[in-house]
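Given chain Y's structure and the hints, the job is docking chain D with the ligands onto it.
Protein chains: 2
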Amino acid sequence: MSLTSPGTPPPPQPPALRVAVLGAGTVGTEVLRLIAQQRGDLAHRIGADLEVVGIAVRDLTRDRGEHAGAELLTEDASELVRTADLVIEVMGGIEPARSLLLDAMAHGASVVTANKALLAQDGASLYEAADIHGVDLYFEAAVAGAIPLVRPVRESLAGDRIQRVLGIVNGTTNYVLDAMTRTGASFDAALASAQELGFAEADPTADVQGHDAAAKASILASLAFHSRVRLSDVHCEGITEVSPLDIAAAARMGRTIKLLSIVERVQDDLGERISARVYPALLPDEHPLASVSEAYNAVFIEADAAGSLMFYGQGAGGAPTASAILGDVVSAARQRVRGGVGPRESRYAELEQVPLDDLRNAFYVSLTVQDRPGVLAEIAGTLSGNGISISTIHQELLEKPEGEGEQALAHIGISTHRALESAMTASLDLFSSTSTVLSIDSVLRIEGV
Amino acid sequence: MSLTSPGTPPPPQPPALRVAVLGAGTVGTEVLRLIAQQRGDLAHRIGADLEVVGIAVRDLTRDRGEHAGAELLTEDASELVRTADLVIEVMGGIEPARSLLLDAMAHGASVVTANKALLAQDGASLYEAADIHGVDLYFEAAVAGAIPLVRPVRESLAGDRIQRVLGIVNGTTNYVLDAMTRTGASFDAALASAQELGFAEADPTADVQGHDAAAKASILASLAFHSRVRLSDVHCEGITEVSPLDIAAAARMGRTIKLLSIVERVQDDLGERISARVYPALLPDEHPLASVSEAYNAVFIEADAAGSLMFYGQGAGGAPTASAILGDVVSAARQRVRGGVGPRESRYAELEQVPLDDLRNAFYVSLTVQDRPGVLAEIAGTLSGNGISISTIHQELLEKPEGEGEQALAHIGISTHRALESAMTASLDLFSSTSTVLSIDSVLRIEGV
Ligand SMILES: NC(=O)c1ccc[n+]([C@@H]2O[C@H](COP(=O)([O-])OP(=O)(O)OC[C@H]3O[C@@H](n4cnc5c(N)ncnc54)[C@H](OP(=O)(O)O)[C@@H]3O)[C@@H](O)[C@H]2O)c1
Ligand SMILES: NC(=O)c1ccc[n+]([C@@H]2O[C@H](COP(=O)([O-])OP(=O)(O)OC[C@H]3O[C@@H](n4cnc5c(N)ncnc54)[C@H](OP(=O)(O)O)[C@@H]3O)[C@@H](O)[C@H]2O)c1
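Chain order of the listed sequences is Y and D. Every position in the first sequence, counted from 1, becomes a number in the working numbering once 221 is added. Every position in the second sequence, counted from 1, becomes a number in the working numbering once 221 is added.
So here's chain Y without its partners, still in its complex pose:
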């Protein structure tokens, strides 16, 4: 046994990093749980202890579980962020999150955030602040939850040339479309059951309108193409118009409807430009993304040298999102301890956006038309007059309506080869103005072919 003389100083404490957590909701409570449960491991991996010094919430009275002790809760987020080495932002929304993060960085804190809405709308000012103040800004959790995607795109593929990213990055809409495909349910019914089961929020607007997927597309496009792509640059269509008829037609064609976030390089006469867009599209059943079920996310990347890569996992949920956040926390914290600086915004390429009209896509169009001789020829003529060639046509007679004088109707579903979006728009305008076409029931792009 060895004796320590009373005068011996205690062994030096490893430095502790002061962590502020903004928000203790679905994600925040899981972040706090992981920090507590993995404390020892994290200290080893970082080289310093993580000490949560405060948790900002709105409602101080609500119980937040064992890892968010009442003594740590505060309503004064502005004060909290000024005293931290590291700020984890999981409160969401634009303000006050934006001001708090800017203030945190101005006071020397590095930031980890899951806030895709904020990044997509105003990432530039955050990047700039990180740059000016020499701190880090990480956001792996903002795209596709637990799936490592930001790091692979901006680090692993940094020596390659990404041509295209096709992603299922919104779990709610994938759950709804998958349910419609499995059960034949309507959009409304599938959404209601998704809400019941916790796969859709009470206000599902941002998901079903595609805004959430668009925010992620803007973040991915910025990273993949070293250009600044704002949320407002992303063409966005949601899934609210997708009908059971569309789902059935897709199945008949060996295709599956998925809400896709697409970011790609486009090379044409005007040189190299980029496109970022979100819409429900038909994918061949054999495409790896077609079989992504329920609320899972998956992202397919095509790069010149790497070829095709796919990443798959849980895109949301408290624990998976917290996993991604903690990975960023370790990176940012290690940088604090060992020196160095994380990735910065890179927009040296500043590629221009292609307007949607200039894109070439394959389409599926479904129309309700008069059932009389010459109709198919008229429709085919309109399309070919606009330079669109048809790949397949499917026609189905509708039940003859009761009553004299009522006209016989038919549904037709047309798949086209690739054509300019503007040519399709022009054709649809003509369809709207002819009495032959009673309604344009849907227009969907065909991707992954």
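In case anyone wonders, no lab produced these hints; they're calculated from the structure. Watch out, some of these pointers could steer you wrong.
As the list claims (entries may be wrong) - A few chain D residues that face chain Y, going by a derived Cβ cut-off under 8 Å, partial list only: (1) P373; (2) E376; (3) M531; (4) A543; (5) V562.
Just so it is clear, the structure is predicted and the values come from calculations on it, not from any experiment. We put the beta carbon where it would ideally sit given N, CA and C, even for glycine.
Leaving out everything else, chain D with the ligands in the frame of chain Y:
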């Protein structure tokens, strides 16, 4: 127009990083091509120009294409590595690669390598050298080629707890098993056609014996569990014994045979330990890894918070491997330019290995037995006597051999529930010593259930 007075100094040149490339074979020539073709982009991403100062080869006379000019080729790798900021090692083998990399680091160069054999056998000395000399050591290309895996495992999941990694990380064996599954061919025939098509090397030993997959398992296990796992720690069985009968039996059971690299945490009475092993195993057809075809690689990761993740892509080939290397080059080069240091070896956990005998696995065993009453009961009795319970049995009479006195034979295929490996070994020993069992035709584990 503005005039520059003759006395004005030229604008400051951005610093250039001196890059040495060791090897200009399949991977090396692609690395050199990417560095040349992406020069501008890389300079932007790194903040400095990459200047290839030399390329080490054995044969100076061979033409290496336009990106490996004769003036850069050298036989003197030892001299070359001492003058570089960054050394890219794509020559392979243990020596002289090992000494060259140690020397490079001692002279202050950071290292990027694709050399899984070297890392698996002697990673510790490389890590140590990087640490001592304050340089970086990156090796994304050493596991699963183009698929970002090292970075996700050691950075993205750094705040999570990885329980298990199941990987198809050898393209050659996956190609061979896939061909056997599709065509019913024998191992030898499938291997020969893989060699013809360039999916297997002239000497396929390291692939078909599982050594390459085992090297990758040791690298993955070390990263995932923060413990030092050597190649010699990995239990390794190859695919040479897999027969068309096994493939057919698997299909009948709705399963697919894949060569798996498995690294996992094991929790039992003895506490927490880890296992790293490679063998051909039966996967349920629905498992995401079961449908990975041809020479593709895919890795399935289970982590406490993230849940299940899957990564998929090309595990080999010049360009895909070069993509992974260039990602590492950008990281290492950025660190040079901006300061900071990359990830280090982390083996604080130092978890012990579970001996194979202590693992619990489900098995598929196929036997040739005498066809007479009581045989099934005897076999079932042997298994249950060793604590192994049967899940399904399939029996098939073999054609009765010609001639008097020849006995009737049957094949039986048995799937078991999870049981100790040692119990299975004991049962197999008993089968070998009884006259009832004429031969033990195969023993395969069942995974992913
Ligand atoms: N949920 C997911 O699966 C997921 C996945 C990826 C990314 N994200 C992102 O992660 C962020 C958080 O999501 P969440 O689902 O955890 O949200 P949430 O459950 O609504 O939690 C938000 C938390 O922030 C607090 N908060 C909100 N506004 C505040 C303010 N002005 N001052 C102080 N505290 C405030 C709330 O306090 P009170 O509890 O007192 O109201 C609550 O604790 C969002 O940016 C979201 O987009 C979420
Ligand atoms: N090929 C793949 O798909 C792949 C995928 C992942 C990782 N890797 C790893 O990448 C490395 C390289 O693979 P590879 O397929 O490119 O091999 P390779 O085609 O055989 O090329 C090896 C190169 O290294 C040179 N070299 C070998 N020994 C040398 C020595 N002692 N001194 C100087 N130069 C020497 C050779 O020179 P000569 O040309 O003069 O003979 C040749 O240029 C290996 O570690 C491999 O495991 C390969």
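Each hint, compared with the structure:
1. P373: Constraint on P373 (chain D) satisfied, holds at 4 Å.
2. E376: holds, 6 Å
3. M531: Cβ of M531 (chain D) sits 4 Å from chain Y, so the hint holds.
4. A543: holds, 6 Å
5. V562: Holds - the Cβ of V562 (chain D) comes within 8 Å of chain Y, reaching about 6 Å at its closest.
Of the numbered hints listed earlier, not one is contradicted by the structure.
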